[in-house]
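Got chain D sorted already, so can you dock chain L onto it with the hints?
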Amino acid sequence: MKKITALAAAAFAAVTLTATSYAQEAFQLEPEAPMVVYFNNSDDEYIDAGITAGEPDRMFLENSVQAEPEDDAAAEDSEKSFTAQDILKMAGISLCIGLVIALVVCLIMKSCMKTAVPKITANDYIRKNSFNITRSRDIFIYANVTKKKRPQENKDNK
Amino acid sequence: MSVKEFKCPGCGAKLKWNADEQKMKCDYCDNVYDIATLEEFESEEASNTADNYEWTPYSDNGEVSGLKVYVCKSCGGEISASGDTAATSCPYCDSPVVLDNNVSGVLKPDLIIPFSKTKEEAQEALKKFCKGKPLLPPTFISEHHIEEIKGLYVPFWLYDCSAAGKMRFDATKVKKWTSGDFDYTKTEHYMVIREGGASFDDVPVNGSTNMEARYMEAIEPFETKDGKQFQEAYLSGYLADKYNVDSVEAQPRANERVKKGMEQLLRNTVVGYDTVTTQSSSMHLETGEIRYAMLPVWILSTKYRGKVYKFAMNAQTGKFVGELPVSWSKFWGIFALITGIVTVLGTVLQIFM
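In the order they appear, the protein sequences are chains D and L.
Everything in the first sequence is counted per this note's numbering, starting at 1 for the first residue and increasing by one.
Everything in the second sequence is counted per this note's numbering, starting at 1 for the first residue and increasing by one.
Here are the computed lysine-lysine pairs in the PhoX-like style, where the Cα-Cα straight-line distance is at most 20 Å:
{"hint": "1", "chain 1": "L", "residue 1": "Lys319", "chain 2": "L", "residue 2": "Lys119"}
{"hint": "2", "chain 1": "L", "residue 1": "Lys133", "chain 2": "D", "residue 2": "Lys110"}
{"hint": "3", "chain 1": "D", "residue 1": "Lys148", "chain 2": "L", "residue 2": "Lys173"}
{"hint": "4", "chain 1": "L", "residue 1": "Lys131", "chain 2": "L", "residue 2": "Lys310"}
{"hint": "5", "chain 1": "L", "residue 1": "Lys303", "chain 2": "L", "residue 2": "Lys127"}
{"hint": "6", "chain 1": "L", "residue 1": "Lys319", "chain 2": "D", "residue 2": "Lys114"}
{"hint": "7", "chain 1": "L", "residue 1": "Lys14", "chain 2": "L", "residue 2": "Lys25"}
{"hint": "8", "chain 1": "L", "residue 1": "Lys173", "chain 2": "D", "residue 2": "Lys147"}
{"hint": "9", "chain 1": "D", "residue 1": "Lys148", "chain 2": "L", "residue 2": "Lys175"}
{"hint": "10", "chain 1": "L", "residue 1": "Lys330", "chain 2": "D", "residue 2": "Lys110"}
{"hint": "11", "chain 1": "L", "residue 1": "Lys175", "chain 2": "D", "residue 2": "Lys149"}
{"hint": "12", "chain 1": "L", "residue 1": "Lys310", "chain 2": "D", "residue 2": "Lys110"}
{"hint": "13", "chain 1": "D", "residue 1": "Lys114", "chain 2": "L", "residue 2": "Lys330"}
{"hint": "14", "chain 1": "D", "residue 1": "Lys147", "chain 2": "L", "residue 2": "Lys175"}
{"hint": "15", "chain 1": "D", "residue 1": "Lys114", "chain 2": "L", "residue 2": "Lys310"}
{"hint": "16", "chain 1": "L", "residue 1": "Lys133", "chain 2": "L", "residue 2": "Lys319"}
{"hint": "17", "chain 1": "L", "residue 1": "Lys228", "chain 2": "L", "residue 2": "Lys108"}
To be clear, the hints were calculated from the coordinates, so they are not data collected in a lab.
Note that the structure is a prediction, hence the values are computed from the model and not measured.
Looking at chain D on its own, in the form it has when it is part of the complex (with noise of 0.2 Å):
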């Protein structure tokens, strides 16, 4: 029972670190779209970007201001916002994982249910010190070399 245990939770560990550094890269957020600021061209007020639809005298910045984060926190959390879709690929990733953790711990527990099994060799048997290597050689035949051209990176996803 210790060793289904063992060998569950360690399967689960392996298997969900590997799922989440997958699931890190499958649901990787869109690029944040560009900021757009307004700015009231006459006292340079910071103003609410619906009052100021239509007024003509407005500069209009884009992708030139960038807006310090009121916190390193809250914008991490913006970074890890997941839509539902995400969450259910997530879940189903998970359910896919857990399914198969869940036969092989439940195989090996009904393989425990059945001990009598024949033995495969008469090691058991074997006439201590008896066993000696009477020849031992290691020919090397040939030699062959494959080569595979390295994906290129790509140089804008750096």
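Positioned in the frame of chain D, the structure of chain L alone reads:
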């Protein structure tokens, strides 16, 4: 005059002498070989021999007198017992047995291992065996009842031999590196030869078809060095099965186990390679001697919901084996529970990690 032709060990094509490299070269796969390597390779290929098992025929020690023999009406098994032991049901199929007065004698064994474990220890072993089994039906412990526990001397053939084995493997070492824009993989192919020997003492093979061989092998090993010279007194209070598989019929099983054992030993000496594939294996057994033995086994049969479940215990070492019923509702319940836990935890971890 015939000219010797070499074939490429890699692809099988005909090799030609390459004057530049001063070696034999394959035009198809471009591999080059030393003549000495090729000659050794070909001689090893040609030297594969068939398995050879030489056993000394078994000569019996006469018969034991003064035993009763019970014949099972259901499975036909013959069970012997000393005059003071009564058998009421067959230890194998649990059917009633009848006494047959016209019986032949029972072959006198060369060796007998007396019972070391008691009936109470066998009952306790069954209880222990049932513990820690999550798939055991919840009512099994309370509802099952042990039909009968029988101490039985099971006939075994014991095979002593010296085995010499030869194996040939194809092995590879793989090296990987990167240079410039390319990933390189170099695979070195080796022919690995191992020859060795070992002595096996008292490899047991079940001499009765009444008891399933897998039960008898599962309760091994028996310590035959603690065996005694046969005396009828050892049978008192226990049943003894008559062999119905003779030493010649049982030999192939001993050969198979010895061969697999030697193969495992030789294979374990091939280290340092990335892949190892067995190409050929041959075995030669020498001075094979056979002995007839009676080995002690507790047979337990329990009935649960109309079905008989069998268990066996090595009455020398206490090793207990058997088959327990599986509760499929528990199986699927545990399956669903694990799936649910992994799904929830996995999803939560993916969100927060």
